[in-house]
Amino acid sequence: AQSVTQLDSQVPVFEEAPVELRCNYSSSVSVYLFWYVQYPNQGLQLLLKYLSGSTLVKGINGFEAEFNKSQTSFHLRKPSVHISDTAEYFCAVSEGTGGFKTIFGAGTRLFVKA
Amino acid sequence: EAQVTQNPRYLITVTGKKLTVTCSQNMNHEYMSWYRQDPGLGLRQIYYSMNVEVTDKGDVPEGYKVSRKEKRNFPLILESPSPNQTSLYFCASSLDWGNQPQHFGDGTRLSIL
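Residue numbers (this note's numbering), protein chains in the order written: chain A, 5 to 118; chain B, 1310 to 1422.
If you're looking for bench data, these hints aren't it; they were derived computationally from the structure.
Where hints are given, some of them may not hold.
Reference excerpt, derived from the structure (chain B facing chain A, CB under 7 angstroms, subset only) [claimed, not checked]:
#, residue
1, 1317
2, 1349
3, 1351
4, 1408
5, 1415
Quick list of in silico lysine-lysine cross-link-like pairs, DSS-like style, CA-CA up to 30 angstroms [to be verified]:
#, chain 1, residue 1, chain 2, residue 2
6, B, 1366, A, 73
7, B, 1366, B, 1326
8, B, 1374, B, 1327
9, B, 1326, B, 1378
10, A, 62, A, 117
11, B, 1366, B, 1380
12, B, 1366, A, 53
13, B, 1327, A, 105
14, A, 73, A, 105
15, A, 117, B, 1326
16, A, 53, B, 1380
17, B, 1380, B, 1327
18, B, 1366, B, 1327
19, B, 1378, A, 105
20, B, 1366, A, 105
21, A, 105, A, 62
22, B, 1374, B, 1326
23, B, 1327, B, 1378
24, A, 117, B, 1366
25, A, 53, A, 73
26, A, 53, A, 105
27, A, 73, A, 117
28, B, 1380, B, 1326
29, B, 1378, B, 1366
To list a few chain B residues with every Cβ distance to chain A over 10 angstroms, as calculated [as the list claims (entries may be wrong)]:
#, residue
30, 1320
31, 1342
32, 1368
33, 1381
34, 1387
35, 1389
Backbone N, C-alpha and C define an ideal beta-carbon position, used for all residues, glycine too.
I would like the entire structure built from these sequences, with the hints used as guidance.
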C-alpha cells in the first residue's frame, strides 16, 4: 500500500453508544488488512484481520470490520462500547509489491466517556 | 508463554553513544520487524527480516542497523544516535509475512539528549 489513512485522530463517544473508526488505503494490488489496538504503555494487539472471503470480519471484544474493495476502505465498528475500549486503534495493510512491508495508519484515539 | 521481549524498556542517553535494543521471540517466527512510533505518525517500519541473515529496509532505515544471526533474535543498533531518534520503538514478529498477524513487544522508549 502506498498509504493508509485513518480519517479521525480522536473519537469521543459515550459508553454503550455505537462507534465507527474509519480507515482508507491506497493500493493497486491485493492486500491483507488488519486492525490493532494499543492500550496505554503496551504493545499492539490484533483485533481482527481480513485476508480473503467474506467482507465482514469479526474480531475480539465485539469489534467487527467491513472490507470494501471499491472504496478501498476497512472501517472498524462496535455496536456498544465500554469504558475499557478506551485505547488507540491502528489500521494496517500488508502488500507484496516493493518489498514485504506493513504500512500503519496514524492511529485513532477512542475515548469512551461514562 | 508466547511473547516478544524487548530490552531495555526505557533508556536515556546522549548523542553519539552507540546503543543496542534487543528483541527476542519464543514462537519460532520467521518474520521480524522494527517500528518507531511518533505522535501523529503512527508506526513506521524501520527494518524487517524474512529469516536468518535476510534483512531489508523499511520506510525509515536511516541511522539504524539490524542483524539476524539467530531466528529468535533481532537487535536494533543505533551506531551514533541523534535527538531525532528519540521515539517509542516496537519489535514485532509473525509466523510469516503478509497474511499473518504480528505479535508486538511492550516497547522501548528512547530519549537521545
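Is residue 117 of chain A close enough to residue 1366 of chain B, meaning Cα to Cα at most 30 angstroms? Violated. Residue 117 of chain A to residue 1366 of chain B sits at ~41 angstroms, over the 30 angstroms cutoff.
Would the hint linking residue 117 of chain A and residue 1326 of chain B be met if the CA-CA limit is 30 angstroms? 44 angstroms, violated
Between residue 1374 of chain B and residue 1327 of chain B, is the straight-line Cα distance small enough, at 30 angstroms or below? Within the cut-off at roughly 11 angstroms; holds.
Hinted pair, alpha-carbon criterion (30 angstroms max): residue 1327 of chain B, residue 1378 of chain B. Please report holds or violated. Cα-Cα ~20 angstroms, so holds.
Sort out whether residue 105 of chain A lies within 30 angstroms of residue 1366 of chain B, counting only the CA atoms. 9 angstroms, holds
Minimum C-beta separation from residue 1387 of chain B to chain A exceeding 10 angstroms: can you confirm that? At roughly 20 angstroms from the nearest Cβ of chain A, residue 1387 of chain B sits farther out than 10 angstroms, so the non-interface label holds.
Tell me if the interface restraint on residue 1351 of chain B is satisfied: Cβ within less than 7 angstroms of some Cβ in chain A. Constraint on residue 1351 of chain B satisfied, holds at 4 angstroms.
Going by Cβ atoms, does residue 1381 of chain B stay more than 10 angstroms from chain A at every point? 17 angstroms, holds
Hint status (Cβ of residue 1415 of chain B to nearest Cβ of chain A, threshold 7 angstroms): 5 angstroms, holds
Is the hinted pair residue 73 of chain A and residue 117 of chain A satisfied, with a Cα-Cα distance of at most 30 angstroms? 33 angstroms, violated
Quick check for students: does the CB of residue 1368 of chain B sit more than 10 angstroms from each CB in chain A? 7 angstroms, violated
Mind checking the CB of residue 1349 of chain B against every CB in chain A and telling me if the closest is under 7 angstroms? Because about 6 angstroms separates residue 1349 of chain B from the closest Cβ in chain A, which is inside the 7 angstroms limit, the hint holds.
The structure does not agree with the numbered hints 1, 15, 24, 27, 31 and 32 stated previously, though it agrees with the rest.
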